[in-house]
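*Asks:* Using UniProt numbering, read the sequence shown as starting at 1 and increasing by one per residue.
In case anyone wonders, no lab produced these hints; they're calculated from the structure. Treat the hints loosely; a few may be bogus.
[Unchecked claim] Restricting the straight-line Cα-Cα distance to at most 27 Å, the calculated cross-link-like pairs of lysine-lysine (DSS-like) are:
| # | residue 1 | residue 2 |
| --- | --- | --- |
| 1 | Lys263 | Lys205 |
| 2 | Lys469 | Lys258 |
| 3 | Lys469 | Lys331 |
| 4 | Lys263 | Lys102 |
| 5 | Lys263 | Lys215 |
| 6 | Lys36 | Lys331 |
| 7 | Lys215 | Lys205 |
| 8 | Lys469 | Lys263 |
[As the list claims (entries may be wrong)] Label pairs and their computed distance ranges (CB to CB):
| # | residue 1 | residue 2 | range |
| --- | --- | --- | --- |
| 9 | Cys208 | Leu315 | 38 to 46 Å |
| 10 | Met417 | Lys36 | 46 to 54 Å |
| 11 | Pro34 | Lys215 | 34 to 42 Å |
| 12 | Arg200 | Gln93 | 42 to 50 Å |
| 13 | Pro34 | Pro358 | 43 to 51 Å |
| 14 | Ala346 | Ile234 | 31 to 39 Å |
| 15 | Leu197 | Pro358 | 36 to 44 Å |
Don't be surprised by glycine CBs; every beta carbon is placed ideally from N, CA and C.
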Amino acid sequence: MGLRVNSGEVDEAQLRSAMANEVPELGPSSEPLPRKAIVCYGTGHMLNDLTAACWFTYLLIFLTDIGLSPREAATVMLSGQIADAIATVVVGQMIDTFGHFKIWHAGGSLLVAVSFSSVFGGCMACALLGNNYAVAHTIGYSAFAAIFNVGWAATQVSHMSLVNCITSNQSSQVSLNSCRNAFTMAANLGLYVIAYLVFRILPSKQVCDVETQFKWIAGSAIAVGICFVVVFQIGVKEPSLSHHKEGSQECNSRTSFKVWFGKLLYYQVAAVYMLTRLTTNVSQALLPFYLIDDLLMEESSKAVVPALIYACSFLASIVLQELRWTSFQLKSVFTMGAALWVLSGATFLLLPQSLHGPVYVLAVLIGVGNAFMLVTATSMEGVLVSTNLSGCGFVYGSLSFLDKFACGIALYLIEGMNVQTRFCPTANVMGQSLLSFPPICHYSLIRVALALVPSGCAFLAWIITTTMKFDDSTLENSRTTLDDSLASLQTPLLHATPAAEESDVTHMKRLQGGNSSTPCSIRERRKSADSHGITDLGSPGDDLVDSGIESKEVTSRMQDEEAPSVWKMLGHAMVGRWGSIRPAQLPFLQ
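Let's have the full structure, built from the sequences with the hints guiding it.
*Replies:* Here it is in structure tokens:
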């Protein structure tokens, strides 16, 4: 492959790795990764995805079902959101500084598994202290909620950062992110399938039944997720990046956060993204209450309706990838998403209790509306960053922090006003109030909140978008310079740009021994290779002369980059988890 080494400078394992077209020990490989390595990488986020789907859909309704007041349940959620916001920034900085992605991934996964089971498996702190008071439950659940989100952040950031540590090949990076998103889709839908089966097989007639239900759901999610974590840890090899420590001065340049604070577009994009996340996240958390308490639907609806919303969002996102964004299209698609949410909010408010069929139509509208708003809001972030990749870490980190914190506060305020617990009087027999399970509360603050808060946030976000001014040339530039996961929201899915096809080096952000930098030149790569005993990296022409196999590999790689691929469709279509907006191929925090 045009590779010559000095005797004794590179060991046999490294040479075998290079010859076998696997992840090399010396750093990111420019060769396409084997499918086995891609699949093993994709499994690494399954535990996070399974637990996150359960956490944000069912945490509040689980806590209120077992006896916590709405305010106490919201306190638990808020503690987790704040911990997540802070940990995402802090853990990202530490990973960028120290590296060792797989160690961070393993530690985060362990925290996720232990803390998640400690919440849905019962109050472990209460059992250890022998205290069964509501305050003890709130403190115990809040502590494990914070630990869960710290572990979640460590796993997420380390897993996403590992992409361009493994490979510098564009096609392989797209495949890694695509595979990860394919497993994300499978995890979310799988969790809802598990929940549906549990709700159907184990109906809840009293509090202990609720605890049993969620023990099974949580236990199943953890068991499946841990199996995939093991596959990831065994199947993915993390190469050493020490030879990338020397970079050009330009590579190490940073953009001061003060520059962003001086831009009006930064505040507009931040507001739009925060309001968009509030729209999707508040509705996700409140929807199960609305289905069970207001419409009196079966318990299985808590799994069927969220799964339908998610599936429709996914399909709508695939369609959006075929668009070439202009400022007019960006605003038009966002307007359609906001309009769908305003229509859905009005329907939520006016829907009679006896009509259950329209809920599934609403789920389709909400799924499409979520996709329209999330995809365009994320694309606006790309326009804001444009070609200024050295400052993208602050933008994505600050907006992620803002949306997580805002969502936690919003849910806390909504549940804080909902002073009536879900165990409320539902019947009056001979002058005596009776309690039933599940509770039937017609106070319906949840109905009002679900109708007005998401649609109101969508309407405010739309007003802000009308004041935003985009330069279409900026949209075009950002399309060709941002990483695959973000640029995919702005370019047609099946048409690669010529600039992206020309080089596997000049478009890439490299991690340098855990530190972030911009792409380094081929000359610098040769210099660093010389220091490791690699005397000649060879040119593409030399490779073709040296071996006929090389020409086949180049042809295969070009075909992979040009051909329509299900991997690419999956990779470019995901709308993401709460606040997980950091692109996989950019350093997390500059």
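*Asks:* Are the Cα atoms of Lys263 and Lys215 separated by 27 Å or less?
*Replies:* violated (48 Å)
*Asks:* When you check the alpha-carbon spacing of Lys263 and Lys205, does it fall within 27 Å?
*Replies:* Outside the cut-off at roughly 56 Å; violated.
*Asks:* When you take the CB atoms of Pro34 and Lys215, is the distance between them in 34 to 42 Å?
*Replies:* holds (39 Å)
*Asks:* Quick one: are Met417 and Lys36 within 46 to 54 Å, going by C-beta?
*Replies:* Cβ of Met417 to Cβ of Lys36: about 53 Å, so the range 46 to 54 Å holds.
*Asks:* Does the Cβ pair Pro34, Pro358 satisfy 43 to 51 Å?
*Replies:* Because 49 Å falls inside the window, the suggested range holds.
*Asks:* Would you check the hint for Lys263 and Lys102, treating anything up to 27 Å between C-alpha atoms as holding?
*Replies:* violated (37 Å)
*Asks:* Keeping to a limit of 27 Å between CA atoms, is the pair of Lys469 and Lys263 held or broken?
*Replies:* With a Cα-Cα distance of about 12 Å, the restraint between Lys469 and Lys263 holds, given a limit of 27 Å.
*Asks:* Can the restraint linking Lys469 and Lys258 be considered satisfied, given a maximum Cα separation of 27 Å?
*Replies:* holds (21 Å)
*Asks:* Verify the CB-CB distance for Arg200 and Gln93 against the hinted window 42 to 50 Å.
*Replies:* holds (45 Å)
*Asks:* Check the hint pairing Lys215 with Lys205 against an upper bound of 27 Å on the C-alpha distance.
*Replies:* Holds, at roughly 16 Å.
*Asks:* Take the C-alpha atoms of Lys36 and Lys331, compute the straight-line distance between them, and say whether it is at most 27 Å.
*Replies:* violated (41 Å)
*Asks:* Between the beta carbons of Cys208 and Leu315, is the distance compatible with 38 to 46 Å?
*Replies:* holds (39 Å)
In terms of the numbered hints stated before, the structure departs from hints 1, 4, 5, 6, 14 and 15, listed from lowest to highest.
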